[in-house]
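Letter by letter, the chains look like this.
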Amino acid sequence: MTPSTLQSILHFLQTWWVELTCGVVIVAVVPLVAGYLVLMERKLMADMQARLGPMRVGPHGLLQPIADAVKLLIKEDIIPSESDKFIFWLAPVVSMTAALTSMGAIAFGPSFQVARDINIGILFVLGVSSLGFLGIILGGWASNSHYSIIGALRSTAQLVSYETAGGLAIISSLLLSGTLSVSGIVTAQQNQHVWFIFLAPVAFFIYLVASIAETNRAPFDLPEAESELVAGYMTEYSGFRWALYFLGEYANMIVVGSVATTLFLGGWLRPFPNVHWLNWLDFLPGLFMLLLGAYCTYRAGKQPVKVQTAFMWGVALCCFLVALIFAVPWFVAPIKFVIPGLNGAFWFLLKVTAYIYLFMWVRFTLPRYRFDQLMHLGWYILIPLAIVNVFAVGIAMLIAANSTWNHALVLALATIATTIVTLVCAIFLVRWHDRHTESASLAPDSYVG
Amino acid sequence: MLDSILFYFFAGVAVISAVLMVTRRNALHSAVFLITTLMATAGIFLQLRAEFLFIAQIIIYVGGIMVLFIFVIMLVRLDVALHHIRFRMKNLVFTAVIAVLGAEAGAILYYARKLPGQGLFIQNIAPAEKLAPNSEKLAESLFSNYLLPFEIASVLLLVAMVGAVVMAKNKKRTEDS
Numbered sequence: 001m002t003p004s005t006l007q008s009i010l011h012f013l014q015t016w017w018v019e020l021t022c023g024v025v026i027v028a029v030v031p032l033v034a035g036y037l038v039l040m041e042r043k044l045m046a047d048m049q050a051r052l053g054p055m056r057v058g059p060h061g062l063l064q065p066i067a068d069a070v071k072l073l074i075k076e077d078i079i080p081s082e083s084d085k086f087i088f089w090l091a092p093v094v095s096m097t098a099a100l101t102s103m104g105a106i107a108f109g110p111s112f113q114v115a116r117d118i119n120i121g122i123l124f125v126l127g128v129s130s131l132g133f134l135g136i137i138l139g140g141w142a143s144n145s146h147y148s149i150i151g152a153l154r155s156t157a158q159l160v161s162y163e164t165a166g167g168l169a170i171i172s173s174l175l176l177s178g179t180l181s182v183s184g185i186v187t188a189q190q191n192q193h194v195w196f197i198f199l200a201p202v203a204f205f206i207y208l209v210a211s212i213a214e215t216n217r218a219p220f221d222l223p224e225a226e227s228e229l230v231a232g233y234m235t236e237y238s239g240f241r242w243a244l245y246f247l248g249e250y251a252n253m254i255v256v257g258s259v260a261t262t263l264f265l266g267g268w269l270r271p272f273p274n275v276h277w278l279n280w281l282d283f284l285p286g287l288f289m290l291l292l293g294a295y296c297t298y299r300a301g302k303q304p305v306k307v308q309t310a311f312m313w314g315v316a317l318c319c320f321l322v323a324l325i326f327a328v329p330w331f332v333a334p335i336k337f338v339i340p341g342l343n344g345a346f347w348f349l350l351k352v353t354a355y356i357y358l359f360m361w362v363r364f365t366l367p368r369y370r371f372d373q374l375m376h377l378g379w380y381i382l383i384p385l386a387i388v389n390v391f392a393v394g395i396a397m398l399i400a401a402n403s404t405w406n407h408a409l410v411l412a413l414a415t416i417a418t419t420i421v422t423l424v425c426a427i428f429l430v431r432w433h434d435r436h437t438e439s440a441s442l443a444p445d446s447y448v449g
Numbered sequence: 450m451l452d453s454i455l456f457y458f459f460a461g462v463a464v465i466s467a468v469l470m471v472t473r474r475n476a477l478h479s480a481v482f483l484i485t486t487l488m489a490t491a492g493i494f495l496q497l498r499a500e501f502l503f504i505a506q507i508i509i510y511v512g513g514i515m516v517l518f519i520f521v522i523m524l525v526r527l528d529v530a531l532h533h534i535r536f537r538m539k540n541l542v543f544t545a546v547i548a549v550l551g552a553e554a555g556a557i558l559y560y561a562r563k564l565p566g567q568g569l570f571i572q573n574i575a576p577a578e579k580l581a582p583n584s585e586k587l588a589e590s591l592f593s594n595y596l597l598p599f600e601i602a603s604v605l606l607l608v609a610m611v612g613a614v615v616m617a618k619n620k621k622r623t624e625d626s
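Chains A and B supply the protein sequences, listed in that same order.
This note's numbering puts the first residue of the first sequence at 1, with every later residue one more than the last.
This note's numbering puts the first residue of the second sequence at 450, with every later residue one more than the last.
In isolation and in its complexed conformation, chain A is listed as follows (with noise of 0.2 Å):
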């Protein structure tokens, strides 16, 4: 190796650093997030079924995802010997890749990014997050079994309905912050102090629902409904091969959720950012962990086993360690200017966590939907009413733009306006599909092959 090959390589390494160190940190943690993530849905379905969940590995259960990842690190590696090997390996790698890559553009923090201010930064998160299906329908495809390929062509036939419902919901978006770029979106934000969520509340919704039939999850789980079709197009698969499909499932829901905060709710802005009497939030991340430090602490001695005692500690340890690290900067001068970045990390991850904690509340609670009323909700309600919201809010713009007064209080009346015409709309399209589809609906499945 020659001293100005190693020399460009020191460059290179000086000046990407941080891309690097963010990239690293996304592919190492994210697993572990999805991990505690499965370990918070069940505990959440337990709790809303009056039952404990989880509660022999760690306290209540905390090394739970660890667990679970050895078991399914040693499990043995099934290949079906019909299948086609090469797209058998391939898919469930292209399933998770998918949904890692796409979180590289978006926006944990002010600073916080891998793919810093590409100006197309949600197109790239949507577009390659969207990559995913392409490993569930190979899996499919290659497992060689009449469930896997049902399950494969349903949850393909589902991506392509709800992802045009899904970006017809964000134009509106778009069209208030005027960009593309995901830190371009929250700074819109700020700027004209308001979340979208409260111009665009029919958007919003929208997206949520699509986002919900994207990632497969219930009530329109059909893909993997498990009364019909066993696991859908992961019945072959065990093992590793399922934790990786497992994990890129999870983390398309992080990468929802992300959208959905960045897009609606304010990104990393704390609420009221723009209001300096409220400045006390930015110590709330510090004082919430030590709160929750303090409650395992108080919980520690209730414990009935001396580990879980020991474990409880532990935990109480860790909260105090955070509290300690949000704390730092605000004394140590020199590296006061982490203290934004950390913050706005803090509310982004609260903001997808309630989003995704919706999520979970949302499967706990519907029924699962029939196939035929999955399409059609897609096609005859979501899609028309996306458009006409996309319309509306174009008129409360244009209105906010030629009035005189007050630009944010126009936008925000016109915006109202604008949503009760939606919401007619929408009352209008839900009637006449029930008048016209009320044979059809009661018959079979014509979609299920």
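Computed list of lysine to any residue pairs in SDA-like fashion (alpha-carbon distance at most 25 Å, straight line): (1) B/618 / A/163; (2) A/85 / B/487; (3) A/85 / B/464; (4) B/586 / A/188; (5) A/85 / B/486; (6) B/586 / A/171; (7) B/618 / B/524; (8) B/586 / A/183; (9) B/618 / A/380; (10) B/618 / A/433; (11) B/618 / A/429; (12) B/586 / A/174; (13) B/618 / A/387; (14) A/85 / B/470; (15) A/85 / B/489; (16) A/85 / B/467; (17) B/618 / A/371; (18) A/43 / A/70; (19) B/618 / A/377; (20) B/586 / A/394; (21) A/336 / A/317; (22) B/618 / A/157; (23) A/85 / B/525; (24) A/85 / B/488; (25) B/618 / A/381; (26) B/586 / A/184; (27) B/586 / A/401; (28) B/618 / A/384; (29) B/618 / A/164.
On the chain A side, residues computed to face chain B include the following (Cβ under 10 Å): (30) 84; (31) 90; (32) 119; (33) 134; (34) 137.
In case anyone wonders, no lab produced these hints; they're calculated from the structure.
Glycine included, every Cβ here is placed at the ideal spot set by N, Cα and C.
Using the hints provided, position chain B relative to the given structure of chain A.
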């Protein structure tokens, strides 16, 4: 230097997977390699700082058109279809097509005496970091200079879409009756 490394990487991937796409017997393997080719081409667009073209290529070709290809491959029995396509003079026709294309490429190279891409006239050489964001530029030119072609193209697409729907509907109605 980074630029040329990226270019040769993407170009190599594109060429190799294009060759693999043609030579695979299994149609779905071919589709997978076609996807790889399209992604590598998108990578070259990105290396040329045409980020909007890059993402449009991924969303439309890989995310849209390839779905259709894979659907057709999965649902149609291709080995039967392939049997119908075979005809007697196929070797002759294929040789003729390859010869004509090869002669064309050779003639271009001979008369230009340059490799493709060499000696191109480049307007406004600007450093890569200082280029204007091209999704805005694209939108501006689409909605000002090229408004009429843009509208004609979209009407054409709409007509095609409506036509497809009508054809699908008709078939269903005759089946019912």
